[in-house]
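A.B. asks: One letter stands for each residue in the lines below.
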Amino acid sequence: MQLEGWGRYPRTEGTLSAPRDTAALAALVTEGPATGSAKGPGPLIARGMGRAYGDAAIGRHAVSTRHFNRMIAFDDQTGQLTAESGVTLGEIIDAFLPRGWFLSVTPGTQFVSLGGAIAADVHGKNHHSEGSFGTFVDWIEVMGPDGRVTRTLPGEDLFEWTLGGMGLTGVIVRCAIRLKRVESGWIRQQTIAAPNLDAALAAFERTYAATYSMAWIDCAASGATMGRSIVMNGEHASRAELPAAHRGTPFVTPRHKGPRVPVDLPGFVLNPWSIRAFNALYYQKGAHTPPSSLVGWEPFFYPLDAIRDWNRIYGRKGFMQFQCVVPLESHAEGLRAILEAISRTGAGSFLAVLKRFGAQNSRLSFPMEGYTLALDFPMTQRSLALMPELDRITADHGGRFYLAKDSRMSADTLRRTDPRWQDFSAWRSTQGMTGRFTSAQSERLGL
Amino acid sequence: MTATVLILGARSDIARACAHRYAQEGYDVQLAARDAATLDADAQDLRLRHRVAVSTHEFDVLDTAGFAAFLDSLPVLPDTAICAVGVMGDQVASQTDPAAAARVMRTNFEGPALILEQLAARFETRGHGAVIGISSVAGDRGRASNYVYGAAKAGFTAYLSGLRNRLSRSQVQVITVKPGFVATRMTEGMDLNPRLTATPQAVAHAIWRAQRKQRDIVYVKPVWRLVMTVIRTLPEVVFKRTRL
Chain Z
1 MQLEGWGRYP RTEGTLSAPR DTAALAALVT EGPATGSAKG PGPLIARGMG
51 RAYGDAAIGR HAVSTRHFNR MIAFDDQTGQ LTAESGVTLG EIIDAFLPRG
101 WFLSVTPGTQ FVSLGGAIAA DVHGKNHHSE GSFGTFVDWI EVMGPDGRVT
151 RTLPGEDLFE WTLGGMGLTG VIVRCAIRLK RVESGWIRQQ TIAAPNLDAA
201 LAAFERTYAA TYSMAWIDCA ASGATMGRSI VMNGEHASRA ELPAAHRGTP
251 FVTPRHKGPR VPVDLPGFVL NPWSIRAFNA LYYQKGAHTP PSSLVGWEPF
301 FYPLDAIRDW NRIYGRKGFM QFQCVVPLES HAEGLRAILE AISRTGAGSF
351 LAVLKRFGAQ NSRLSFPMEG YTLALDFPMT QRSLALMPEL DRITADHGGR
401 FYLAKDSRMS ADTLRRTDPR WQDFSAWRST QGMTGRFTSA QSERLGL
Chain R
1 MTATVLILGA RSDIARACAH RYAQEGYDVQ LAARDAATLD ADAQDLRLRH
51 RVAVSTHEFD VLDTAGFAAF LDSLPVLPDT AICAVGVMGD QVASQTDPAA
101 AARVMRTNFE GPALILEQLA ARFETRGHGA VIGISSVAGD RGRASNYVYG
151 AAKAGFTAYL SGLRNRLSRS QVQVITVKPG FVATRMTEGM DLNPRLTATP
201 QAVAHAIWRA QRKQRDIVYV KPVWRLVMTV IRTLPEVVFK RTRL
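Taken in order, these protein sequences are the chains called Z and R.
Residues in the first sequence are numbered from 1 upward in steps of one, following the working numbering.
Residues in the second sequence are numbered from 1 upward in steps of one, following the working numbering.
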């Protein structure tokens, strides 16, 4: 069958299995699928919710973890949750927010699995203040090429290479993570309208003490308004900070009842003009938002989850994400060069996000101290032509790329920007993992 | 007081989804199936997510003689009982091997009908309860591809209809569920039309709604009511030549 990621580009022909228990999974790992083209052991790649944008969870044989969806234990003293890898972050919120616990780190969608969150070592709006997802992972159980499950702890090779290892060290089957205590489901949000890039960067630095921060950035603006942004900071609201009406039920907040995109929209819907208009409207709306407001966790952390299947607005051809991080030493020049390149081609990104990262100490994770920029581009020849230019600028400024978003980078670009992956490959080959845990992405990147 | 739901055949995908749906509404859950120890992970998952009491029980639908003892052994008589027991069997095997056919008939009809009859009787004595049988659209008309299964489900459907008729003046609700295609272990690997195929969660939600709204017969996807009306009304002369 045709397999695709969230960006729907690229698509590959492959087998999709959905084992129901570890024995069935072990059979797939050691013997390959019962039917289909990929007979014999390997290559195989685990697939959670399919939210990686590119080709990280597709390949000749993708193995869904959707039946590994049970919660196993919860310690209400420490907040440690043990669960199977197919449990989604949204399910964790549904179960534990009413008891006063929230995810320590969450990416911009709740529809990701625990396994996927670990494999990509995802980050959230609190990276600068609290770190990446892996900071709160106590252990991981991984099924290796021999079909055996190993529990691995922070500091061990298997753990460190699995965190951010894009599923290439085996199939994550269970894990233990730590949740954080919250007094309510509400967020105190501060909104700052920054009229250009320098103002946006200054706002990030000025509000560095905020727990959560990110900015939506208008990539269609150029000249004096280039890089204009709406910077949004947030703190979990305490019970005392809620209006009296909500104090009795502090975990009940408005939930998305949003629409679902019912069909693929035709490709022309997102064009430079509609993108420009949307972004201008969004900036105006942000500029008129009261500087301080109380918002529910769902619109604050997951605004895009409001529109189910939003990837369909890009039409059948799909779209690409570009996400890089530029180190603190050279971030302003790097970001400006990227924005200028986009503005020159008129490609325009419908949704663009800018965020300050803090230091990152794990072995393979994407973040580093600096600024990350995430952009979406409709899948067109013009966008494709722009990408190598953005790659080059990022590389020249000492930056690197997020494999959970990547769908088309060259092996050479990865080698040049992120030498850690060579060590990873060398270690993988000593473990008999090479050729056994393989995605379309790992083949493309020569991992 | 907390209400309790009993799920018979608790390992199936529809059963698991029902357990979660009712637990979400605050029901305590009794999970019953063969090899009850294999239900422990599901029981723990339900407790963690929904903070309800969950118990597991050994139950074999073919052991009709043991039904009374099984019901006596439950910690409380449930308020709602959902029978999700079922096995498709292999049609060709059922044609050639009477024992295989009998197993399909007993698993889909005899056992479910008899256990729900006993539950209904206890509910009637107590004065309230809901009996929910998961039957199948396959029971609406026998077709070459699965008529042993279909006939057993037809029997179950008729049984539920009669039970409902008998209990209509009591406070015992009887609901017949005809899910249509559902993406489950039973249908894994089949090439099903996605427009006609429901998720186990959708089935569970439809069941919960039917109970709340006092419905009698539930088709999960409305289109199935139409499809089956057409299939049922085709004249036999025509129908016998079709390949459905």
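If you're looking for bench data, these hints aren't it; they were derived computationally from the structure.
Careful, some of the hints might be misleading.
[Said to hold, decoys possible] If you anchor each label on the Cβ, the simulated ranges turn out as follows:
no., chain 1, residue 1, chain 2, residue 2, range
1, Z, R178, R, G66, 41 to 51 Å
2, Z, R99, R, E188, 30 to 40 Å
3, Z, H256, R, A3, 46 to 56 Å
4, Z, I72, R, M190, 26 to 36 Å
All C-beta atoms in this analysis are idealised placements derived from N, C-alpha and C, irrespective of residue type, glycine included.
A.B. asks: Evaluate each hint against the coordinates.
C.D. replies: Cross-check of the supplied hints:
1. Z/R178 with R/G66: 41 to 51 Å: With Cβ atoms ~46 Å apart, the hint holds.
2. Z/R99 with R/E188: 30 to 40 Å: Holds: the Cβ-Cβ distance is about 35 Å, inside 30 to 40 Å.
3. Z/H256 with R/A3: 46 to 56 Å: Given a distance of about 29 Å, which is not inside 46 to 56 Å, the answer is violated.
4. Z/I72 with R/M190: 26 to 36 Å: At roughly 31 Å between Cβ atoms, R/M190 and Z/I72 fall inside 26 to 36 Å, so the hint holds.
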